[in-house]
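*Asks:* Given chain A's structure and the hints, the job is docking chain B onto it.
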Amino acid sequence: MTAFRAILMRDLRLALRQGMDSAMVVMFFVIAVVLFPLGVGPEPNTLARIAPGVLWVSALLSVLLSLDRMFGNDFEDGSLELLALGPAALEIVVLAKVLAHWLVTGLPLIIAAPVLAVLLNMPADGFGLLLMALLLGTPTLSLIGAVGAALILGSRRGGVLLALLILPLFIPVLIFGVGAVEAAIGGFPARAPMLLLGAILAGALALCPWGAAAGLRQALE
Amino acid sequence: MDRFEGKKLDCVRSARPVFRGLDFAVQAGGALILVGPNGSGKSSLLRLMAGLLPAAGGQLSWNGAPVDDEPDAHRERLRYLGHLDAIKPALTASENLAFWAELYGADPKSAVAPALAALGIGHLADLPGRFLSAGQKRRLNLARLALAPAAIWLLDEPATALDVQTIDRLRELIRDHRARGGMLVLSTHSDLGLDNSEPLDLADFTARPAAAFADAPWNKSDTAA
Chain A
1 MTAFRAILMR DLRLALRQGM DSAMVVMFFV IAVVLFPLGV GPEPNTLARI
51 APGVLWVSAL LSVLLSLDRM FGNDFEDGSL ELLALGPAAL EIVVLAKVLA
101 HWLVTGLPLI IAAPVLAVLL NMPADGFGLL LMALLLGTPT LSLIGAVGAA
151 LILGSRRGGV LLALLILPLF IPVLIFGVGA VEAAIGGFPA RAPMLLLGAI
201 LAGALALCPW GAAAGLRQAL E
Chain B
1 MDRFEGKKLD CVRSARPVFR GLDFAVQAGG ALILVGPNGS GKSSLLRLMA
51 GLLPAAGGQL SWNGAPVDDE PDAHRERLRY LGHLDAIKPA LTASENLAFW
101 AELYGADPKS AVAPALAALG IGHLADLPGR FLSAGQKRRL NLARLALAPA
151 AIWLLDEPAT ALDVQTIDRL RELIRDHRAR GGMLVLSTHS DLGLDNSEPL
201 DLADFTARPA AAFADAPWNK SDTAA
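Chains A and B supply the protein sequences, listed in that same order.
Heads up: the first sequence at position 125 corresponds to 125 in my numbering, and the numbers run straight through without jumps.
Heads up: the second sequence at position 143 corresponds to 143 in my numbering, and the numbers run straight through without jumps.
One chain only, chain A, in its complex shape (with noise of 0.2 Å):
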């Protein structure tokens, strides 16, 4: 336990003192989210349909842009290979690392949703489900990436090879998180979709710490 309060206060003291990194993640963000109203067309009725699903790919894209870092720092200055030798399991390591790197993108993004939510005129009745969808789902993300950040390192060209490897597996998040947000618009119950983001997140939290550190394992070789 130590050990998981110890990486999670260097992984974010470290986050603090590049505040730039986390800060661009939310700036891609917000960008990717107004590219939309400029493509498509500023009609309010069009821009409020494709809302929840526009916000919720772009938090899935930005995540993904901040993935190579979970694990990338520490690979290449060795810090990996010492975490990997220290007395914590490595699946610890794993999840302390996740939880700091859902804490400096995932909840940023989280805090910026409503707000382009307003941006992009969709319906109040959204709002809340917004929310607790993304909190249910942005985590899933963190550490379904972390599986794939793991595979990655080491790799020429591995950010393009971490989208095709992840982006699939964002898919399910993806459609009920939408599911939920737009249950809420249409007044029917998002019990459903939100039961199976929980699902989806229990069995994200149970199954990516072991998939990420044999990841690792074989990344230190």
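Take these hints with a grain of salt, some might be off.
[Claimed, not checked] Chain A is faced by these chain B residues, among others (derived, beta-carbon under 10 Å):
(1) Phe-24
(2) Val-26
(3) Gly-51
(4) Leu-78
(5) Tyr-80
(6) Gly-82
(7) His-83
(8) Leu-84
(9) Ile-87
(10) Leu-154
[Stated by the list, open to error] Covered stretches of chain B, as calculated for chain A (at least 3 residues, CB under 8 Å):
(11) 63-76
(12) 94-103
Think of the hints as simulated: they come from the structure by calculation, not from any bench.
Remember, it's a predicted structure, so these values are computed and weren't measured experimentally.
Virtual Cβ for every residue (Gly too), placed ideally from N, Cα, C.
*Replies:* Frame of chain A, contents of chain B only:
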């Protein structure tokens, strides 16, 4: 008395055999110095001892019990020092060290200052990692060893980039470690002048390429022709 040993170790890196049939044994307080030309597998052997690299054959054991049975216990008793210094440029020297202290179960408040002093870099405590020179980074990485005692030290060319005074400090650090009953395995190209150390020349175990590649596809086609 604790004993760390390896029997008939084989090492293969990306389908290329590095060494084979290597035996070693270190007793509590003992030191094993790995020597040999570049590419003879000194770093590979240290990574193999640490458990970063799986052995292609043979077995590592601690007091007679295979290390693979309890990898967690093995990690807890070792400290590894590789080629990279693992210094975060955005953190100060003492913050860098405090993180490892916490991870190794030492109290960062009481362990960091003495460890920095042991390597003679107490005055750099508040300097961010990005301002440290190569030698200072190496000293900060070596200070990690002084944070908390561990049974086995695996040091991969620890003297790189160090000045003469710091090599003396390193020697002192190693002497204290061995006096506590700690074991040491280190690779080096220069004589560090450690007493009672046992050399292990990796060149003696180099896998003969001809034999190793005998069943490789390109050799088969050769013999067929």
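*Asks:* For each hint, tell me whether it holds in the structure or not.
*Replies:* Evaluated hints:
1. This hint is violated: Phe-24/B has a C-beta 19 Å from the nearest C-beta of chain A, more than the 10 Å allowed.
2. A distance limit of 10 Å between C-beta atoms decides the matter here; for Val-26/B the minimum to chain A is near 18 Å, and the interface restraint is violated.
3. The beta carbon of Gly-51/B is positioned within 10 Å of a beta carbon in chain A (closest approach about 7 Å), and the interface hint is therefore held.
4. About 7 Å separates the beta-carbon of Leu-78/B from the nearest beta-carbon of chain A, less than 10 Å, and the hint is met.
5. At about 5 Å, the closest approach between the beta carbon of Tyr-80/B and any beta carbon in chain A falls short of 10 Å, and the interface hint on this residue holds.
6. Because the closest C-beta pair between Gly-82/B and chain A is about 6 Å apart, less than 10 Å, the hint holds.
7. A least Cβ separation of about 7 Å between His-83/B and chain A falls short of the 10 Å threshold, and the interface hint therefore holds.
8. A least Cβ separation of about 3 Å between Leu-84/B and chain A falls short of the 10 Å threshold, and the interface hint therefore holds.
9. For the restraint placing Ile-87/B at the interface with chain A, the shortest Cβ-Cβ distance is roughly 7 Å, inside the 10 Å limit, so the hint holds.
10. For Leu-154/B, the suggested interface contact is upheld, since its CB lies about 9 Å from the closest CB of chain A, less than 10 Å.
11. Using a Cβ-Cβ cut-off of 8 Å, 3 residues of the stretch 63-76 of chain B lie near chain A, which meets the minimum of three, so the contact claim holds.
12. With a threshold of 8 Å between beta carbons, the proposed coverage of the stretch 94-103 of chain B by chain A holds, since 5 of its residues qualify and at least three are required.
Violated hints, listed in ascending order, are 1 and 2; each of the other numbered hints is respected by the structure.
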